[in-house]
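Student: As a plain string of letters, each chain reads:
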Amino acid sequence: MDLLEYQAKDLFREVGIPVLPAQRIERPTDLKALKIPYPIVLKSQVYIGERGRVGGIRFVNNTIDAIAAAHSIFNLSIVGEYPKVLLAEAKYDTQQEFYLAVVLNRSIRRPVLLGSKKGGIDVQNAIDEMQHVVVDQDFSSFYARRLTIKMGLSGDLINAVSDVVERMYRLFIDKDLDLVEINPLGVNAAGEVMALDGKISVNDAALGRHPALAALDSRPRKFVLDRLPDSLTTIDTDGQIAVLCNGAALTMATMDLVSQSGGKLLHYLNIGSETHHDWQPDTLCDRVDQGLKMLSQNKQVKVILVNLVGGTVPSDRIATTIARFLQRPPAPTLAIGAHKENLRISRGSALPKLVVRLLGTGMDEAKEILAVTPALVLDDLDSAIAQLITLVKRHEG
Amino acid sequence: MDLLEYQAKDLFREVGIPVLPAQRIERPTDLKALKIPYPIVLKSQVYIGERGRVGGIRFVNNTIDAIAAAHSIFNLSIVGEYPKVLLAEAKYDTQQEFYLAVVLNRSIRRPVLLGSKKGGIDVQNAIDEMQHVVVDQDFSSFYARRLTIKMGLSGDLINAVSDVVERMYRLFIDKDLDLVEINPLGVNAAGEVMALDGKISVNDAALGRHPALAALDSRPRKFVLDRLPDSLTTIDTDGQIAVLCNGAALTMATMDLVSQSGGKLLHYLNIGSETHHDWQPDTLCDRVDQGLKMLSQNKQVKVILVNLVGGTVPSDRIATTIARFLQRPPAPTLAIGAHKENLRISRGSALPKLVVRLLGTGMDEAKEILAVTPALVLDDLDSAIAQLITLVKRHEG
Amino acid sequence: MIFTPASKVIVQGILEPLGEVYTPLMQNYGTQIVAGVSPGQGGQLLAGIPVFDMLEQAISKMGAVDTTVIFSPPYAALDAALEAISVGIRQIVLISQGIPPLDMVHLIRKAEATDTLIVGPNSPGVIVPGQMLLGIHPPNFYRPGSIGLVSRNGTLTYEVAWALSQAGLGQSIAVSIGGDTILGSTFPQWLQILDEDPQTDVIVLVGEIGGDCEEVAAHYIAEAIDKPVIAYVAGRSAPRNRRMGHAGAIIDSQAADLGPDLGTAESKISAFKRAGILVADRPSEIPELVKRILKTPAKKAM
Amino acid sequence: MIFTPASKVIVQGILEPLGEVYTPLMQNYGTQIVAGVSPGQGGQLLAGIPVFDMLEQAISKMGAVDTTVIFSPPYAALDAALEAISVGIRQIVLISQGIPPLDMVHLIRKAEATDTLIVGPNSPGVIVPGQMLLGIHPPNFYRPGSIGLVSRNGTLTYEVAWALSQAGLGQSIAVSIGGDTILGSTFPQWLQILDEDPQTDVIVLVGEIGGDCEEVAAHYIAEAIDKPVIAYVAGRSAPRNRRMGHAGAIIDSQAADLGPDLGTAESKISAFKRAGILVADRPSEIPELVKRILKTPAKKAM
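Just so you know, the protein sequences line up as chains A, B, C and D, in that order.
Per the numbering used here, residue 141 is the first one in the first sequence, and the count goes up by one each step.
Per the numbering used here, residue 141 is the first one in the second sequence, and the count goes up by one each step.
Per the numbering used here, residue 6 is the first one in the third sequence, and the count goes up by one each step.
Per the numbering used here, residue 6 is the first one in the fourth sequence, and the count goes up by one each step.
Hints in this document: simulated from the structure, not taken from any laboratory.
This structure is a prediction, so every number in the text was calculated from the model and none was measured.
Hints may contain errors.
Here's a subset of chain D near chain B, in silico, CB distances under 10 Å, partners left out [claimed, not checked]:
1) P78
2) N158
3) T186
Here a beta-carbon is modelled for each residue, glycine too, at the ideal position from N, C-alpha and C.
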């Protein structure tokens with residue numbers, strides 16, 4: 141979960157990382173109660189980066205200009221996103237700008253401190269000079285100093301910058317972050333440092349133990365453990381095929397086979413694996429039902445390939461779930477296109493065709509159950525894919 | 141540094157240890173604005189334990205009784221200490237009372253979890269059933285569970301109590317505590333737990349990195365690193381001897397010799413060793429001077445034994461400091477007796493006799509410098525003690 | 006072999022829903038489960054297996070164990086694993102998904118210091134077909150044999166095992182290192198174990214997009230593995246920067262940490278091919294390639 | 006012997022006031038100080054010794070070192086010691102007092118895991134008379150000889166050393182394990198080192214009230230030490246529950262952790278006497294007892 145700049149800076153302030161005096165602006169008139177002296181900078185609070193290039197950051201010298209600038213930033217879409225809040229911040233005279241980050245490296249399975257003497261807007265510059273320090277054992281301040289030395293800092297800047305890195309690291313650990321980044325860390329003529337922009341990503345799996353952080357983002361989650369996603373991803377806008385599988389890799393392998401056979405995939409849905417500690421056999425059947433409903437709501441879906449590799453749930457139970465889904469009176473369906481405006485409700489449209497491939501126990505019973513439904517049942521995956529492609533071609537032809 | 145009960149409970153609340161609804165009462169009339177429903181308990185907030193036995197804890201059912209009880213508790217001295225504040229707290233119906241503590245064991249050099257199924261006022265009961273768990277590696281919850289199992293708990297109480305122990309441990313580590321104790325931890329009929337009384341000692345050496353905790357106690361420190369104590373300890377109220385040494389063990393060894401030779405010691409003063417990272421040669425001379433002034437302010441002190449075993453500071457520098465002290469015009473002196481009332485100022489009284497024993501470089505010069513003063517200079521410690529005893533006897537005789 | 010039918014096994018989180026379903030299945034398959042642990046629920050029985058509040062109680066009553074299978078909730082899994090290490094258990098199978106990555110970093114440091122083997126998390130565990138099951142692999146897809154199967158996923162592993170079994174190619178051992186971003190053991194560790202295992206003739210590695218596990222494995226195989234290896238990589242058609250369902254399977258380049266192309270299926274497949282490893286295009290091709298390899302004489306001398 | 010004149014030594018916190026005073030004295034005494042470290046002050050020189058920002062810079066320029074002497078401020082001492090361990094230094098002398106006890110617990114766990122010897126904190130360090138000084142012992146009180154001197158204090162140790170030297174009894178090595186409550190090394194560790202040291206004939210242990218170091222030492226001497234030991238304990242007349250000047254010297258029984266009498270001078274002296282160890286009544290009696298022991302044949306056979 142990503143935080144907005146002002147939320148990241150609130151955390152910086154809490155742990156003693158220097159940030160500028162700042163105020164949240166929820167509507168342009170809030171600027172009349174500004175407590176920071178002018179000149180100030182107004183910054184659009186959006187999740188997308190590079191807002192500066194498109195006018196999302198403005199320097200202003202008085203209230204009249206500030207209100208005008210706020211109006212225009214509130215109405216400025218940044219890659220489709222409008223800010224709900226702006227950040228009004230004091231100005232800072234920097235002489236140097238550094239890049240600092242703490243990130244978890246999945247390959248070496250340790251947190252890594254990153255630092256570059258060339259921070260700022262031009263990310264490539266930062267990357268070219270990026271220094272890495274792996275925190276291989278319990279953290280201690282010397283890891284942060286090691287980064288500053290590798291960055292080529294000397295004198296008082298060693299202690300000033302390593303103090304910031306150390307606080308970033310503590311935040312990273314205490315709040316279960318995937319990333320904490322300061323770019324740029326401004327250095328003024330007196331050698332004082334200031335976090336001018338910041339980015340924080342909280343690990344999704346850990347959000348449950350950080351309720352205060354979880355409450356910061358009210359948007360629907362792209363992926364939440366233990367339940368189906370709120371919305372479907374579109375792969376090919378011309379596609380007519382959807383796949384429903386259990387398990388991420390099985391989903392990907394099935395998608396690959398569809399694509400390798402020339403099929404155009406509109407949606408995929410992974411209904412999850414059995415490694416949740418509170419998983420129960422009912423979980424799978426419930427999700428098959430919900431998943432089929434989700435996929436068939438988009439009338440562009442003509443064929444659904446169900447590929448389920450069973451663990452403990454007998455195939456006949458899954459077949460029963462599918463049969464019940466097919467027997468239900470057709471519900472109002474929704475055509476979900478690329479744009480909101482295209483949303484329309486169409487009633488009584490037919491259900492998509494189902495190609496079902498189940499691997500598990502109780503296959504004979506499963507086939508019997510599905511024999512009386514329009515679903516096509518196949519034993520092996522390659523045949524199921526071939527059948528799917530035939531069906532789609534028949535539909536197109 | 142010890143915390144008062146309400147301060148300890150504020151920390152408990154912060155880390156999620158269950159405590160009762162409570163309110164600080166700074167004067168009896170505060171009870172008119174009480175937000176907790178009656179019946180309540182009023183508790184004297186003093187540093188001394190066992191306040192319950194002497195009337196420092198009262199249960200009351202209405203505002204009138206509460207104000208009366210508060211008046212009497214504010215005027216009740218508990219081993220010489222009057223409360224500055226009371227704690228008004230809701231009542232709790234306990235079925236069982238446990239003892240829990242986390243303490244640093246200096247012998248095994250690890251934190252130890254302590255728990256007893258028999259908590260409450262009778263400390264001996266708690267001690268008889270006390271269970272220990274040494275936290276030998278990085279803490280994890282299982283150490284806390286291990287304590288609850290050793291205490292003989294079962295079922296839901298295992299998780300409820302180990303959760304409290306875990307939070308106590310985190311507090312212990314985060315705040316550099318010497319001790320965190322809950323006695324009793326009340327358990328009600330529903331199996332819910334509640335910290336009914338608590339004690340916290342913060343490590344003095346670590347106070348510098350916990351400014352918020354350091355600010356909780358405005359009393360003068362008994363011993364503060366890097367400076368002399370604010371007051372002198374009286375060993376024998378009949379004594380006429382004071383010793384001034386550098387280093388704790390040297391001070392104790394010198395006191396032992398005085399005592400073994402039949403001398404009666406009034407005061408001792410350890411002016412500190414050279415293991416402060418910011419120690420400089422001037423530090424020692426400054427402290428010799430301040431220490432001699434402190435000791436000679438009590439006119440009951442007839443002889444001061446100065447025993448300094450030198451590191452880097454040449455003895456002649458120390459001798460010069462002593463000589464200067466002896467040449468200074470006599471300052472007003474204070475007779476510090478056992479009771480405040482005996483305080484009186486006497487002017488122009490003579491300085492105590494000095495027996496000086498210095499071990500270090502530059503001894504010949506040191507002797508020359510002190511030869512012109514009333515101080516008696518000796519080379520070895522046993523002779524210095526003998527000289528001291530002779531002087532005291534002469535004074536008495 | 007590290008996992009033998011003589012191994013004594015304990016189950017932590019045995020009374021969690023997943024533990025209640027799978028512990029009897031493991032036991033039926035022949036795994037010697039001597040006890041279970043569920044804090045606060047000690048004294049119960051599950052399928053005749055005694056349940057304790059703490060591991061040390063279980064061990065003092067039932068004797069030492071070699072392996073623990075952990076079904077504990079994700080935020081309790083680190084503690085369960087540390088408890089196991091503290092009583093001397095040196096093989097830990099973590100089934101649960103959703104363990105915070107920094108908990109795994111902590112555990113891995115401890116495992117390295119104590120020479121403890123961790124499988125998972127977010128893993129179906131280990132199966133030695135016909136002998137023992139440590140986790141949630143569906144046993145009916147597996148047959149005893151000489152193929153060592155290593156993956157980092159669940160149901161696709163079962164799919165591949167089934168394809169092998171159908172083709173008459175049984176398995177010596179099958180393990181999934183798990184689907185999360187931070188994993189207790191690595192492909193090289195398991196490739197080494199399979200390379201040294203006398204029951205294993207051919208190794209099948211089932212990979213997927215995200216991270217650089219497969220790239221590292223390809224390099225390691227070229228350097229250190231003598232037995233033939235067949236690879237398969239899922240996710241050629243997966244959209245970029247989309248999490249496919251578990252934390253491990255995402256191609257990203259956060260904070261300049263990975264090169265822009267590292268983690269894609271193309272990167273992984275070309276790494277295998279550069280290392281001279283046969284790569285199957287689809288699961289059903291895996292048995293074909295294994296059979297082809299078994300017919301040709303070993304390429305590398307021992 | 007662990008500390009020899011050939012040992013290469015680094016000083017951390019070399020530009021702290023105490024470091025600036027004592028580093029030149031150590032160097033003059035013959036200690037091979039190859040470099041110093043003071044973060045943010047790299048590039049300077051002290052008494053010809055180059056100062057670096059980090060240990061790893063010092064080592065890459067000046068070569069490996071055996072020992073570090075740490076004069077860093079108390080809240081920076083743990084980090085300095087961990088930095089030393091991370092670059093492979095396995096002998097650490099902590100001079101500064103005021104290091105929080107929990108920092109020491111952390112350091113001790115790390116030292117145990119890496120087999121690192123820690124002296125201190127709040128200690129004058131180690132002196133090998135006539136050869137090398139690691140800390141702040143005043144060298145003029147010491148003479149080379151065969152008495153191993155171990156204590157947990159500063160100036161009283163110098164006093165005893167001077168008494169021994171005056172009596173013609175030089176010292177093989179003198180060490181103070183330090184005056185704080187939580188110490189990096191223990192009396193038994195040093196008794197063992199002195200027992201094995203061929204230069205040492207007699208061991209003098211200078212104890213004091215507080216804690217149970219002396220009681221543990223008495224037990225250990227009876228069990229494991231072959232060389233004769235003379236003990237002295239300061240604090241017979243110290244008031245109870247008063248801190249005498251450093252954290253270690255307080256008799257307390259907080260939270261039922263120690264028995265009520267443990268930690269008193271009486272408890273310690275009687276522990277030594279029960280273990281058959283001679284106890285001096287005053288510092289000046291120590292040389293007398295040593296001489297008496299040296300005249301009698303060894304009580305214990307090797």
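Student: The structure should be examined with respect to each hint, and the outcome stated for every one.
Tutor: Do the hints match the structure? See the list:
Residue-level restraint check for P78/D holds (minimum Cβ-Cβ distance to chain B is 5 Å; threshold 10 Å). Restraint check, N158/D versus chain B: the minimum CB separation of about 3 Å is within 10 Å; hint holds. Because the closest C-beta pair between T186/D and chain B is about 5 Å apart, less than 10 Å, the hint holds.
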